[in-house]
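Peer 1: Sequence:
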Amino acid sequence: MAPRPSILQTSVGQRFLLYRGTEVIVYLPCQWYATAYVGSQTECPEYGTPSVIDTVGAHTHRALFLQPFLLWKARETPPKCLTDNSFGQHCYVRIKVSGIRFHYVASGEKGKPLMLLLHGFPENWFSWRHQLEAFRSKHWVVAMDLRGYGSTDAPSGRDNYKLETLVADIKDVIEVLGYTQCILVGHDWGGILASMFAVYHPVMVSKLIVMNAPHLPAWQDYALRHFSQVMRSSYIFMFQLPKLPEILISLADFKMLKRALTGAEAGIQNPQRRLTEEEMEAFLYSISQPGGLTGPLNYYRNLMSSFPVKFQDVLVPTMVIWGERDQFLEAGMIHCMRHYVQQRFRVEVIADASHWVQQDQPEAVNRLVASFVAENMYMLETTVQRQEKICEYAIVIPPPKKVFEVETLVNDLVLYTLQAKPFF
0 MAPRPSILQT SVGQRFLLYR GTEVIVYLPC QWYATAYVGS QTECPEYGTP SVIDTVGAHT
60 HRALFLQPFL LWKARETPPK CLTDNSFGQH CYVRIKVSGI RFHYVASGEK GKPLMLLLHG
120 FPENWFSWRH QLEAFRSKHW VVAMDLRGYG STDAPSGRDN YKLETLVADI KDVIEVLGYT
180 QCILVGHDWG GILASMFAVY HPVMVSKLIV MNAPHLPAWQ DYALRHFSQV MRSSYIFMFQ
240 LPKLPEILIS LADFKMLKRA LTGAEAGIQN PQRRLTEEEM EAFLYSISQP GGLTGPLNYY
300 RNLMSSFPVK FQDVLVPTMV IWGERDQFLE AGMIHCMRHY VQQRFRVEVI ADASHWVQQD
360 QPEAVNRLVA SFVAENMYML ETTVQRQEKI CEYAIVIPPP KKVFEVETLV NDLVLYTLQA
420 KPFF
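In numbering that gives the first Met the number 0, the protein residues as written are 0 to 423.
Please note: incorrect hints may appear among the correct ones.
To be verified - DMTMM-like mimics (lysine to aspartate or glutamate), calculated; alpha carbons at most 25 angstroms apart, straight line:
1) Lys-111 / Glu-374
2) Lys-109 / Glu-374
3) Lys-254 / Glu-374
4) Lys-170 / Glu-108
5) Lys-79 / Asp-152
6) Lys-170 / Asp-312
7) Lys-137 / Glu-174
8) Lys-254 / Asp-351
What the hints assert, rightly or not - Distance ranges between label pairs, derived from CB positions:
9) Ala-73 / Arg-224: 38 to 44 angstroms
10) Lys-242 / Glu-174: 31 to 37 angstroms
11) Glu-374 / His-338: 20 to 26 angstroms
12) Ala-263 / Ser-233: 19 to 25 angstroms
Hints were generated in silico from the structure; no laboratory data involved.
Virtual Cβ for every residue (Gly too), placed ideally from N, Cα, C.
Work the whole structure out from these sequences, hints included.
Peer 2: Pasting the structure below:
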């Protein structure tokens, strides 16, 4: 018969919940959490060696030492850079249908063309700090925290993070901000969502800019032919498991995420743009909270249900910006993406830039974005052809939970054409 669990007190005020005389769940005043074992040989970095404790039952008194690689810390307060108003105004909007409250940072003058920025994993609005400043003069720049991230609500339940729900969030946010169209920019998961939004709602996107993110059909095509990409994406399969990914990512105070963002191979490559400790904390603050990783990981847990991908064509002018030293995605899939864009398609590969391209090489990225936004639209098809293609697409592949009416699409298309800039 296993001994009863007991709560034990050490000389420094730490409480230990002991199971079966060996495994100990540790609760510390500084909000460090850990699993430790009697007889381990390392110390807690902040509180030192706990006093000798009774291991319950027939066990003798032994010294308990915490293993630092099992520790992670819930941040009590956000770093100053995360609440800094110099990047823009911090605002919230609540969507009536879903009830979700979204946090965003806005820079520039409302009423100017909307540039909506969508971040990736494991980031938040702060990953767009360089773009918020660069484009505020000619645009109303909005960097939002996606569902489950940062200060945006994180509903419980895996079903609240399905792809169609995440795409619907973008539409809802654009409309509640008072706009019918935007320049849509996305990186990583934000790029995936931006591409799919352009598929479902082409009239609402004047320009699409994707950074180091695949269009899902292109990823599917490429991965089926390149096992090397499957291996690079192997973490996605691990993320399908319940609870275990949250634990593994949290170990050693989120060492896995720190390595991804700041490591020599996968991290930001530009020495002048490497994350400071405070900037790293801007990304760790929200996910370090209890349950803070579950929402973002639910994006991946719903990803497999999207395959095989059926929705395909992007019908808006598109630019792909790619950091050449991306350790997670191979640049070869860009050629597959080209087949799914039925409009102006521009590719820019930045040498010596990592997956985190807009933070790694912000000056180069900003120049490319500015030049693409300034381009006139190349209408490679007649208005009638484009109208027929959108209507046909809407009938065959309706957006999630809604069905486009052909009459509405025709009216939107006419309005879109009248508002478009002159083309060559």
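Peer 1: Decide, hint by hint, whether the structure agrees.
Peer 2: Hint by hint, here is what the structure shows:
1. This hinted pair checks out: Lys-111 and Glu-374 have alpha carbons roughly 17 angstroms apart, not beyond 25 angstroms.
2. Distance restraint check for Lys-109 and Glu-374: the Cα-Cα separation of roughly 22 angstroms lies within the 25 angstroms cut-off, and the hinted pair is therefore satisfied.
3. Under the criterion of a C-alpha separation no larger than 25 angstroms, the hint pairing Lys-254 with Glu-374 is inconsistent with the structure, at around 42 angstroms.
4. Pair hint Lys-170 plus Glu-108 holds up; C-alpha atoms about 21 angstroms apart against a cutoff of 25 angstroms.
5. Taking the CA atoms of Lys-79 and Asp-152, the gap is about 21 angstroms. The hint holds against a cut of 25 angstroms.
6. With a CA separation close to 18 angstroms, the supplied pair Lys-170 and Asp-312 stays within the 25 angstroms bound.
7. Restraint check for Lys-137 and Glu-174: the C-alpha separation of about 20 angstroms stays at or below 25 angstroms, so the hint holds.
8. Proximity of Lys-254 to Asp-351 is assessed by CA-CA distance (about 24 angstroms); at most 25 angstroms being required, the pair is judged to hold.
9. Against the hinted window of 38 to 44 angstroms, the Cβ-Cβ separation of Ala-73 and Arg-224 comes to about 43 angstroms, which satisfies the hint.
10. Restraint check, Lys-242 to Glu-174: a C-beta distance of roughly 36 angstroms satisfies the suggested window 31 to 37 angstroms.
11. The supplied range of 20 to 26 angstroms is met by Glu-374 and His-338, whose beta-carbon atoms lie about 22 angstroms from each other.
12. Remark: the range hint 19 to 25 angstroms for Ala-263 to Ser-233 is upheld by a beta-carbon distance near 20 angstroms.
Hint check: a violation occurs at hint 3 only; the rest are consistent with the structure.
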